[in-house]
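Just so you know, the protein sequences line up as chains A and B, in that order.
The first sequence runs 317 to 894 under the numbering used here.
The second sequence runs 317 to 894 under the numbering used here.
Hints listed in this document are in silico derivations from the structure and should not be mistaken for laboratory results.
Among the hints, a few may not be true.
No copy is singled out in the list; a pair is fine if it fits within one copy or between any two copies.
The calculated DSS-like cross-link candidates involving lysine-lysine, where the alpha carbons are at most 30 angstroms apart (straight line), are [to be verified]:
#	residue 1	residue 2
1	Lys563	Lys707
2	Lys871	Lys473
3	Lys366	Lys871
4	Lys697	Lys337
5	Lys320	Lys871
6	Lys366	Lys320
7	Lys697	Lys320
8	Lys366	Lys760
9	Lys871	Lys337
10	Lys563	Lys697
11	Lys320	Lys563
12	Lys707	Lys473
13	Lys563	Lys760
14	Lys871	Lys760
15	Lys760	Lys320
16	Lys473	Lys697
17	Lys563	Lys473
18	Lys473	Lys337
19	Lys366	Lys697
There are 2 protein chains.
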Amino acid sequence: MELKRLLALARGDQAADLLLKNAQVVNVFSGEVHAADVAVAGGVIVGLGKDYAARETVDLDGRFVAPGFIDAHVHIESSMVTPREFARAVVPHGVTTVVTDPHEIANVCGLAGVRFMLDDAQGAPLAMLVNASSCVPATHMETSGATLSADDLATLKPLPGVLGLAEVMNFPGVVYGDDAVLAKLSAFADRVRDGHAPGLTGKRLNAYAATGISSDHECTTLEEAREKLRLGLTIFVREATNARNLKTLIPLITAENERRCCFCTDDRQPADLVDEGSIDHLIRLGVGEGLHPVTAIRMGTLNPAEHFRLYDRGAIAPGRRADLVVFADLQSPRPERVYLEGRLVAANGAMISAAPPAPAASAIPAVSAAVHNTVHVDVGKVDLAIPASGKRIRVIGAIENQLITHHLVMDAARDDGRLVADPTRDLLKMVVIERHRGTGNVGKGFVTGVGLERGAIAGTVAHDHHNLVVIGADDRSMLTAARAVADAGGGQAAAEGDTVLALLPLPIAGLMSDQPIEQVRAGMDRLLRAARQLGSALHDPFMAMSFLALEVIPKLKLTDLGLVDVERFELVPLVLND
Amino acid sequence: MELKRLLALARGDQAADLLLKNAQVVNVFSGEVHAADVAVAGGVIVGLGKDYAARETVDLDGRFVAPGFIDAHVHIESSMVTPREFARAVVPHGVTTVVTDPHEIANVCGLAGVRFMLDDAQGAPLAMLVNASSCVPATHMETSGATLSADDLATLKPLPGVLGLAEVMNFPGVVYGDDAVLAKLSAFADRVRDGHAPGLTGKRLNAYAATGISSDHECTTLEEAREKLRLGLTIFVREATNARNLKTLIPLITAENERRCCFCTDDRQPADLVDEGSIDHLIRLGVGEGLHPVTAIRMGTLNPAEHFRLYDRGAIAPGRRADLVVFADLQSPRPERVYLEGRLVAANGAMISAAPPAPAASAIPAVSAAVHNTVHVDVGKVDLAIPASGKRIRVIGAIENQLITHHLVMDAARDDGRLVADPTRDLLKMVVIERHRGTGNVGKGFVTGVGLERGAIAGTVAHDHHNLVVIGADDRSMLTAARAVADAGGGQAAAEGDTVLALLPLPIAGLMSDQPIEQVRAGMDRLLRAARQLGSALHDPFMAMSFLALEVIPKLKLTDLGLVDVERFELVPLVLND
Numbered sequence: 317m318e319l320k321r322l323l324a325l326a327r328g329d330q331a332a333d334l335l336l337k338n339a340q341v342v343n344v345f346s347g348e349v350h351a352a353d354v355a356v357a358g359g360v361i362v363g364l365g366k367d368y369a370a371r372e373t374v375d376l377d378g379r380f381v382a383p384g385f386i387d388a389h390v391h392i393e394s395s396m397v398t399p400r401e402f403a404r405a406v407v408p409h410g411v412t413t414v415v416t417d418p419h420e421i422a423n424v425c426g427l428a429g430v431r432f433m434l435d436d437a438q439g440a441p442l443a444m445l446v447n448a449s450s451c452v453p454a455t456h457m458e459t460s461g462a463t464l465s466a467d468d469l470a471t472l473k474p475l476p477g478v479l480g481l482a483e484v485m486n487f488p489g490v491v492y493g494d495d496a497v498l499a500k501l502s503a504f505a506d507r508v509r510d511g512h513a514p515g516l517t518g519k520r521l522n523a524y525a526a527t528g529i530s531s532d533h534e535c536t537t538l539e540e541a542r543e544k545l546r547l548g549l550t551i552f553v554r555e556a557t558n559a560r561n562l563k564t565l566i567p568l569i570t571a572e573n574e575r576r577c578c579f580c581t582d583d584r585q586p587a588d589l590v591d592e593g594s595i596d597h598l599i600r601l602g603v604g605e606g607l608h609p610v611t612a613i614r615m616g617t618l619n620p621a622e623h624f625r626l627y628d629r630g631a632i633a634p635g636r637r638a639d640l641v642v643f644a645d646l647q648s649p650r651p652e653r654v655y656l657e658g659r660l661v662a663a664n665g666a667m668i669s670a671a672p673p674a675p676a677a678s679a680i681p682a683v684s685a686a687v688h689n690t691v692h693v694d695v696g697k698v699d700l701a702i703p704a705s706g707k708r709i710r711v712i713g714a715i716e717n718q719l720i721t722h723h724l725v726m727d728a729a730r731d732d733g734r735l736v737a738d739p740t741r742d743l744l745k746m747v748v749i750e751r752h753r754g755t756g757n758v759g760k761g762f763v764t765g766v767g768l769e770r771g772a773i774a775g776t777v778a779h780d781h782h783n784l785v786v787i788g789a790d791d792r793s794m795l796t797a798a799r800a801v802a803d804a805g806g807g808q809a810a811a812e813g814d815t816v817l818a819l820l821p822l823p824i825a826g827l828m829s830d831q832p833i834e835q836v837r838a839g840m841d842r843l844l845r846a847a848r849q850l851g852s853a854l855h856d857p858f859m860a861m862s863f864l865a866l867e868v869i870p871k872l873k874l875t876d877l878g879l880v881d882v883e884r885f886e887l888v889p890l891v892l893n894d
Numbered sequence: 317m318e319l320k321r322l323l324a325l326a327r328g329d330q331a332a333d334l335l336l337k338n339a340q341v342v343n344v345f346s347g348e349v350h351a352a353d354v355a356v357a358g359g360v361i362v363g364l365g366k367d368y369a370a371r372e373t374v375d376l377d378g379r380f381v382a383p384g385f386i387d388a389h390v391h392i393e394s395s396m397v398t399p400r401e402f403a404r405a406v407v408p409h410g411v412t413t414v415v416t417d418p419h420e421i422a423n424v425c426g427l428a429g430v431r432f433m434l435d436d437a438q439g440a441p442l443a444m445l446v447n448a449s450s451c452v453p454a455t456h457m458e459t460s461g462a463t464l465s466a467d468d469l470a471t472l473k474p475l476p477g478v479l480g481l482a483e484v485m486n487f488p489g490v491v492y493g494d495d496a497v498l499a500k501l502s503a504f505a506d507r508v509r510d511g512h513a514p515g516l517t518g519k520r521l522n523a524y525a526a527t528g529i530s531s532d533h534e535c536t537t538l539e540e541a542r543e544k545l546r547l548g549l550t551i552f553v554r555e556a557t558n559a560r561n562l563k564t565l566i567p568l569i570t571a572e573n574e575r576r577c578c579f580c581t582d583d584r585q586p587a588d589l590v591d592e593g594s595i596d597h598l599i600r601l602g603v604g605e606g607l608h609p610v611t612a613i614r615m616g617t618l619n620p621a622e623h624f625r626l627y628d629r630g631a632i633a634p635g636r637r638a639d640l641v642v643f644a645d646l647q648s649p650r651p652e653r654v655y656l657e658g659r660l661v662a663a664n665g666a667m668i669s670a671a672p673p674a675p676a677a678s679a680i681p682a683v684s685a686a687v688h689n690t691v692h693v694d695v696g697k698v699d700l701a702i703p704a705s706g707k708r709i710r711v712i713g714a715i716e717n718q719l720i721t722h723h724l725v726m727d728a729a730r731d732d733g734r735l736v737a738d739p740t741r742d743l744l745k746m747v748v749i750e751r752h753r754g755t756g757n758v759g760k761g762f763v764t765g766v767g768l769e770r771g772a773i774a775g776t777v778a779h780d781h782h783n784l785v786v787i788g789a790d791d792r793s794m795l796t797a798a799r800a801v802a803d804a805g806g807g808q809a810a811a812e813g814d815t816v817l818a819l820l821p822l823p824i825a826g827l828m829s830d831q832p833i834e835q836v837r838a839g840m841d842r843l844l845r846a847a848r849q850l851g852s853a854l855h856d857p858f859m860a861m862s863f864l865a866l867e868v869i870p871k872l873k874l875t876d877l878g879l880v881d882v883e884r885f886e887l888v889p890l891v892l893n894d
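Modelling step: build the complete structure from the supplied sequences, incorporating the hints.
Below you can see the structure in the form of structure tokens.
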């Protein structure tokens, strides 16, 4: 807005567009909740106080109004829907800005994938800001669909909506000064650079922080978070679908350190977004765990705004974006009205307006083509057999609701000269089939903790390389599930024998549906029912599976190149020679 | 430092330069005080923790170490010494960064004055960062030595050490959208823009804040500070020589809003700098008034660093500048050792090393010439007489330790058809003689609250135009004092009859001495003794006088153009027509 008009509106010399009367303002600057009217015009807040006039007045009758919620770190791809559809899912929950890392699609489609996300977000009723994905591929111990160099990432810097460098997951590369990693840090030296350093401590953590990386969202213990906070990393308290750290970390937070803490969702699946919500859910959980409501709200508003140097939002103050959330209960905020730049976009849990008329990016042929048909696997040629060459094997120990795993050693099960699954001991076979380049790579291993008694599950969502991962009790079921996914051009499936029990197609990069989130959620529910029918007691075995292939989070993971000992950061053999 | 070397140092693979062992670290991130060793190399902190090795180890034996103190807003000219000499005065007090507004010299010498300050600061053991002076002249109701347009100020933006736009004092110009003021705000839209809006409230304050101006250091009441804080202005709590707001404002500060509060000294004279100190003094005062010591230290470290987007300092953390202060008593920090970028620069209240060998800017002829010989007054031609044209007059009511004044109306004193001083009623004559351009302008008025019983005081320090201001009981004394100052090329003087009682020459722009601060302080003491001898009971009548000409601070002020009603923001007649 032209400054003179803004001044005239703030002075009250011109009528505002909208006046929220009789509000209880959650003032994130003063830490108070106080009565005020909020005048809005041209998309920004023009005044707080009394006696403003406006063309439209809404009497909030003592309801609370807080700044729109900001998600400090989220991978939209984990919602399994497009950015526009993601907006439709989170905006009714009061989220008005998300800082996204389009890391998943970048690993499949490279810069074309990032462009798809930016394009698809255009005109959506949500500010989607992008951090450039720093680790594509995550490491050299996997085969991804693309490689992004420092030069590639630098091409993103000038684009509108691009903030900084996303979670630098290759923490050994940082600590030990890998040239390619340092080149990326240097390319974004004048921007915010976010971190990801699970379990890093002591001098190596000092080294990581010394580079200017300024956040971490991977803390799983109080001690870890305390050390990182002391060394200057802003702590993003995460409550994802599979990684739920909030209850563990809330005791860290005091009035004295709260400013260095934010909320983030990282990866949330459709059911959790629909049923629980997004940052609003974290705020409610935080208050339930003992946070002062204003503290919890600051962790989802001002704190991320300050971390990301977004001086135009995160607070209710003159000149800031009129991203506002109205609710009745300060102890458990449930958004009744959500304003984005002064426009009412959601009420009582549902979007108000249809998405604006601009076509979704997926409707643009060139953009669309780049993110479709990304699964290149000839399942008929895949051999899942593992020759028996020893008695004791490394086994991935899955831990419910955690991204980290145990690194176990168990006795192998053998059958006809081969190592096989043994569901009676919850020992399942797991394979990762390279799907981007047709290399024919198949990483093979075993996992415990997933709990299938029979059949198999498969999916092309497999952080971060998103190869085709399959877990099962027998090879036949595994091949059936894998084939169903490959034939759909990506997705997730459950199978038993030759029967596909459930299939959720994810044709966009093998990661996202082109359907509304409710339908995707229904598809997910069918998958989960099938998995439960097959014996798994996990909250979400597909989500769990998708992180068992992520070789940047300890301790033992499987990629298409084989088992990775994350703590040693090297490939290790399946069979122990003892 | 090259990143690979920094990483090697942080990992402990290379020995650091310096290790502060057995420290109690004031951790401004976590709000804790905790034991740690601090390893320093290449001017930055490389690690916090145990087991670092270094070429030099200093055992702090449980002493506290805090980040170097940051003064959020200071006019170095008020120290009456050059920037290099100012550094010598404040660095032993633990101040390692100051954000300065070279506003005084800019009003006298324009951009050449700013250049003098930047050049003179080069190589001094203090980070002097500059905000571009936004109001030169302060208003149209004075004659200054220079005019700086938005285009002029924009030429400063690319210079190293230039941060943003300094205190935008023309708050009516902001609120009512003066084109020249808005042009300056727009020129610095991507930088921090500091505020100055004494007494502004309600919708006009909303307008001021809506422009993106993000601080204020002029709060004189708790209510004023609370309103500004709520509207998003960072509150700089000021404890200057003449404006002492700290005790008034400390009750505002809570754990919940402390992050939005900083300390600043604004204007401190030599005696206060030498005797009380700088930001260290404010921290001690704050703790004495009940602030938690870590809160008080944050207000002088992390908070200003964050406000000014200085991500390289303000905290003890890996990668940040090794600006460090060591002290023994957390309740009353008195710096025992001060490190600037890892170098010990002061110990036990005194500088360690001589200033580096680079010549002071005042030794460079071209720079020096621009800031000398700035007083152009022919005192012999000045007529101080005020014809008696009425009975009741407006009188400036000086308030000790405040920049604001009362706007009084008193009965005039008459003598021989003229309005004269009446020291028996503490009614003194005050004149402001234009000294930059030889216009012959003389603003004339009266003041109460200064308390001279006889004689006069004069000076070329007169915020912000720095014309020659004189206050006295009789015209003869006033002319003597004025002549002494003019003949010295600027300065301050006290006189009685034809006798000069004391004179402090300030040959640099009529504002600063070229002598060490101890000598300037001694000269000031002679002036103050003389003023006391003349009857003034004020702590510092020269400082008080220097702000009685500042027409941006309410309520009644005098410039070379006449009396200014600051609240109406217009020139008003001395004599009332009633």
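Outcome of the hint check:
1. Lys563 to Lys707: Neither, since 40 angstroms and 76 angstroms both go past 30 angstroms.
2. Lys871 to Lys473: neither (34 angstroms within a copy, 50 angstroms between copies)
3. Lys366 to Lys871: Only across copies: Lys366 and Lys871 sit 26 angstroms apart there, 58 angstroms inside one copy, limit 30 angstroms.
4. Lys697 to Lys337: neither (67 angstroms within a copy, 63 angstroms between copies)
5. Lys320 to Lys871: between (58 angstroms within a copy, 27 angstroms between copies)
6. Lys366 to Lys320: within (21 angstroms within a copy, 57 angstroms between copies)
7. Lys697 to Lys320: Cα proximity of Lys697 and Lys320: none, with 69 angstroms in one copy and 46 angstroms across.
8. Lys366 to Lys760: neither (67 angstroms within a copy, 42 angstroms between copies)
9. Lys871 to Lys337: Cα proximity of Lys871 and Lys337: none, with 54 angstroms in one copy and 35 angstroms across.
10. Lys563 to Lys697: Close neither inside one copy (46 angstroms) nor across copies (80 angstroms); limit 30 angstroms.
11. Lys320 to Lys563: Answer is neither; intra-copy 48 angstroms and inter-copy 37 angstroms both fail.
12. Lys707 to Lys473: neither (52 angstroms within a copy, 70 angstroms between copies)
13. Lys563 to Lys760: neither (35 angstroms within a copy, 70 angstroms between copies)
14. Lys871 to Lys760: within (17 angstroms within a copy, 82 angstroms between copies)
15. Lys760 to Lys320: neither (66 angstroms within a copy, 37 angstroms between copies)
16. Lys473 to Lys697: This pair counts as neither: shortest intra-copy Cα distance 42 angstroms, inter-copy 64 angstroms.
17. Lys563 to Lys473: neither (36 angstroms within a copy, 47 angstroms between copies)
18. Lys473 to Lys337: The answer is neither: 41 angstroms in one copy and 42 angstroms across copies each exceed 30 angstroms.
19. Lys366 to Lys697: Classified as neither: same-chain Cα gap 73 angstroms, cross-chain 55 angstroms, threshold 30 angstroms.
Violated hints, listed in ascending order, are 1, 2, 4, 7, 8, 9, 10, 11, 12, 13, 15, 16, 17, 18, 19; each of the other numbered hints is respected by the structure.
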